[in-house]
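From first to last, the protein sequence lines stand for chains A and B. Sequential numbering from 353 applies to the first sequence in my numbering. Sequential numbering from 4 applies to the second sequence in my numbering.
To be clear, the hints were calculated from the coordinates, so they are not data collected in a lab. Please note that the accuracy of each hint is not assured.
Only part of the chain A face toward chain B is listed, based on derived beta-carbon distances under 10 angstroms [stated by the list, open to error]:
id, residue
1, Phe360
2, Glu363
3, Gln366
4, Gln384
5, Pro386
6, Leu387
7, Ser390
8, Met459
9, Thr483
10, Arg485
11, Arg490
12, Leu492
13, Gln494
14, Tyr498
15, Gln501
16, Asp511
Straight-line alpha carbon distances no greater than 20 angstroms define the calculated SDA-like cross-link-like pairs of lysine to any residue that follow [to be verified]:
id, chain 1, residue 1, chain 2, residue 2
17, B, Lys20, B, Asp107
18, A, Lys507, B, Glu31
19, B, Lys161, B, Pro30
20, B, Lys20, B, Thr55
21, A, Lys507, B, Pro30
22, A, Lys507, B, Pro38
23, B, Lys161, B, His88
24, B, Lys21, B, Ile119
25, A, Lys507, B, Asp107
26, A, Lys507, B, Glu162
27, A, Lys507, B, Asp48
28, A, Lys507, B, Thr112
29, A, Lys417, A, Lys445
30, B, Lys21, B, His103
31, A, Lys507, B, Lys20
32, A, Lys507, A, Phe433
33, A, Lys507, B, Cys145
34, B, Lys161, A, Ile505
35, A, Lys507, A, Lys417
36, A, Lys507, A, Ser394
37, A, Lys507, B, Trp36
38, A, Lys445, A, His355
39, B, Lys161, A, His355
40, B, Lys161, A, Cys393
Cβ atoms here follow ideal geometry from the backbone N, Cα and C, with glycine treated the same way.
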Amino acid sequence: MNHEASQFAQELEQIGRRVLDECRGLPDSILQFPLPLSEPCSLLTLAVQLAHTIDYWVLIQIGDKPHLTLKANEGNSISTFAELNHCYEQWIKNTHTILDGLPDAFMDLFIGTRPAEKSTRKRHQEKYALTARMCLIRALTQCAHYSGQIMLIRKFLDDGSHLFSEVKQEQQVCS
Amino acid sequence: MGNETASYAVVLERIGKKVLQALQDLPERALDWVPPLPVCHSLLDCATELITAGEFWINTVIAGQNTQSIERDELLVVLYTYGEHSYLIARYERWLHTLHEILDELSDTCMDMVIILPPYHRAFVNKGPATVRDCLLHLIECSAYKQGKILLLCQFYKEAEQLSTQNIDQPEESTSYQTSEAKTYSTMQADD
């Protein structure tokens, strides 16, 4: 039977790979395309936020890793799918390295109070201590939340391109 | 209640409350809004789907209960009498109540207990026999995924409504522009 922490690693990897699949094949300009919202977000920014979530909850809180997948503000430098893919492969590898060997007894330990200076996700800092399990549940919840938004945006983009191709076809017929 | 089950209950409750709050912040008509996408449901349907999934995994799969009960008829009465907001609140409150009723009774030793899943749902959890923990992890992921979608759709609705309000305001602006233009024109005529 799998350890509890390694189950989380598998779930997180599945989410990460699904997000990569959604982004794969899209031109970089579409990945960066900001949605017309008051707080502009794009597929790329959401995907990078997901990577920051892993950095904060898994690498800092549980792994206490000095070297993160994304150093502070490094997320801004990710602008292509190739860079995103590399970043995701890195966090998936790091996540398995940290979680696969974690004994079940570790899950109830209070650990989640490590400072977040290393991460850009300061808003996630907790006022109270969290167990390793709570940190992993937070990571899972937030990653799934981002993946839901990414899938929805992808759906909007697909529908848009579908409409665009219909218009193109109509134009061709007319000409 | 064990530490592990308590953690799952807290997270599921938080997701439910967050979604409910976001929907309560919208006007009642927004619940019937269907995003302009193929195979997309109304916000009310999306919010209901989230609880239906929770009821399925917690009540049916883990607790082995039958979710088809008289309470559902009572909820429909709330829907037709008081409207969709009240229905959602009642539905979420009932869901959170049963969620705690079931998970609060579970000890951590139950988490590794193997559960027989209906064939269709076997693919959704990890390979091998599914445990209570597998089901709860799947439910949390599934609920958070739906939460992400619903919150983004709420944001789209709010911003679209703001835009349409601005568009309604625009003719007034043009009227005032015409008025000032007319004033200028009448002033010019007076000067002549």
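Given hint lysine 417 of chain A paired with lysine 507 of chain A - CA-CA distance at most 20 angstroms:
Judged against 20 angstroms, a Cα distance of about 36 angstroms means the pair is violated.
Hinted pair lysine 161 of chain B and isoleucine 505 of chain A, Cα distance within 20 angstroms
holds (16 angstroms)
Does aspartate 48 of chain B lie within 20 angstroms of lysine 507 of chain A when you go C-alpha to C-alpha?
holds (18 angstroms)
Hinted pair lysine 507 of chain A and phenylalanine 433 of chain A, Cα distance within 20 angstroms:
Judged against 20 angstroms, a Cα distance of about 18 angstroms means the pair holds.
Given the hint that lysine 507 of chain A pairs with glutamate 162 of chain B, test it: the Cα-Cα distance must not exceed 20 angstroms.
Roughly 19 angstroms separates the two Cα atoms, so the pair holds.
Answer holds if the nearest beta-carbon of chain B is closer than 10 angstroms to that of phenylalanine 360 of chain A; otherwise answer violated.
holds (7 angstroms)
Pairwise hint evaluation, aspartate 107 of chain B against lysine 507 of chain A, where the allowed Cα distance is 20 angstroms at most
violated (38 angstroms)
Glutamine 384 of chain A as chain B interface residue, shortest Cβ-Cβ below 10 angstroms:
It is violated, given that the least Cβ distance between glutamine 384 of chain A and chain B is near 18 angstroms, above 10 angstroms.
Is lysine 507 of chain A within 20 angstroms of proline 38 of chain B, Cα to Cα?
holds (11 angstroms)
Below or equal to 20 angstroms on CA atoms is what counts here, so check lysine 507 of chain A against proline 30 of chain B.
violated (25 angstroms)
When you check the alpha-carbon spacing of lysine 21 of chain B and isoleucine 119 of chain B, does it fall within 20 angstroms?
violated (31 angstroms)
Restraint status (C-alpha distance of lysine 507 of chain A to tryptophan 36 of chain B at most 20 angstroms)
Answer holds: lysine 507 of chain A to tryptophan 36 of chain B is near 17 angstroms, not above 20 angstroms.
Hint compliance for this structure: hints 4, 5, 18, 21, 24, 25, 28, 31, 35 and 39 are not met, and every other hint is.
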